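J.: Counting along the sequence shown from 1, when you hit position 53 you're at 54 in the numbering used here, and nothing is skipped either side.
Check each hint, because a few of them may be wrong.
[Said to hold, decoys possible] The calculated lysine-lysine pairs, modelled on DSSO-like cross-linking and capped at a C-alpha distance of 27 Å, are:
1. LYS55 / LYS38
2. LYS181 / LYS206
3. LYS38 / LYS66
4. LYS181 / LYS121
5. LYS178 / LYS159
6. LYS150 / LYS178
7. LYS168 / LYS206
8. LYS59 / LYS38
9. LYS150 / LYS168
10. LYS66 / LYS121
11. LYS159 / LYS206
12. LYS182 / LYS159
13. LYS150 / LYS181
14. LYS121 / LYS206
15. LYS121 / LYS168
16. LYS38 / LYS121
17. LYS182 / LYS206
18. LYS182 / LYS168
19. LYS150 / LYS206
Treat the hints as calculated values from the structure; they're not laboratory data. Predicted model only: the values in this text are computed from it and were never measured.
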Amino acid sequence: MLDSIDFKVTGHALLPYREQFESAISFFIHSIRAQNKLDYTPSRNSFEDSPAEKEINKYSAELSKTLFEAEAVSVLDSLRHAFCSFAYNGLHQLFTRQENENWYPKVILDEELRPNDINKLPDIVVLYRGTDIAEFNSANYGQSWTTCKRIADAFAFKNYIGQSWFKNSERVVLETKISKKHAYFSDQSGEFEVVIDVRNIGCVKIINSLLDAGES
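Given these sequences and hints, build the entire structure.
T.: Next up, the structure:
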């Protein structure tokens, strides 16, 4: 995740704020480590922020007053959201509460994330993914898929319309089948998400696009 953040904040538009972002990230990490030393456990019935969340939110509010670019403010807010999620309930909270924004820190799973409902999946799972045609052409697939085609359609053609990089003509819905033993995470509610080990993806085909369908 930190490599992903570093790549983003060294972009041309954010370069003038690099030192501020690096200081913020260092402070956020320090706050979480200090909280961990306290053996803090969040209460299921409490809506109060954790000690680290309070510090992160306060720091972000003060730093945002010194930023004069809208993109920088947006990036800071996403950083705040990511680290607050991790402070509240670790990797599970961070992964399941990821924002659907292009720059958001990328979280990659390499082992099963619990709790999950993988046991509810059939042995062979039919999965869909709304993405860009470039992903299909490169066969470099993302981990997050869904068992609901309607959700994949939304990710392909609706959810990212406001992003500057979005081109409707290059969006596609992919379909594949994979054994549930290759699933790292599943939540069959909301977006019906299944996160998989992409090294075990076999045949992938385009089932919905403005382009001709194909297979890889």
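J.: Each of the hints needs a verdict: does it hold here or not?
T.: Evaluation of the provided hints:
1. LYS55 / LYS38: holds (16 Å)
2. LYS181 / LYS206: holds (19 Å)
3. LYS38 / LYS66: violated (31 Å)
4. LYS181 / LYS121: Since the Cα atoms of LYS181 and LYS121 sit roughly 10 Å apart, the hinted pair holds (cutoff 27 Å).
5. LYS178 / LYS159: Holds - the C-alpha atoms of LYS159 and LYS178 are around 24 Å apart, at most 27 Å.
6. LYS150 / LYS178: holds (13 Å)
7. LYS168 / LYS206: holds (20 Å)
8. LYS59 / LYS38: holds (20 Å)
9. LYS150 / LYS168: holds (20 Å)
10. LYS66 / LYS121: Status violated; Cα separation ~47 Å.
11. LYS159 / LYS206: holds (20 Å)
12. LYS182 / LYS159: violated (31 Å)
13. LYS150 / LYS181: holds (18 Å)
14. LYS121 / LYS206: holds (25 Å)
15. LYS121 / LYS168: violated (35 Å)
16. LYS38 / LYS121: Measuring from Cα to Cα gives roughly 36 Å; hence the hint is violated.
17. LYS182 / LYS206: Distance of about 21 Å is within 27 Å: holds.
18. LYS182 / LYS168: Given pair LYS182, LYS168 is violated - Cα atoms ~35 Å apart, limit 27 Å.
19. LYS150 / LYS206: holds (13 Å)
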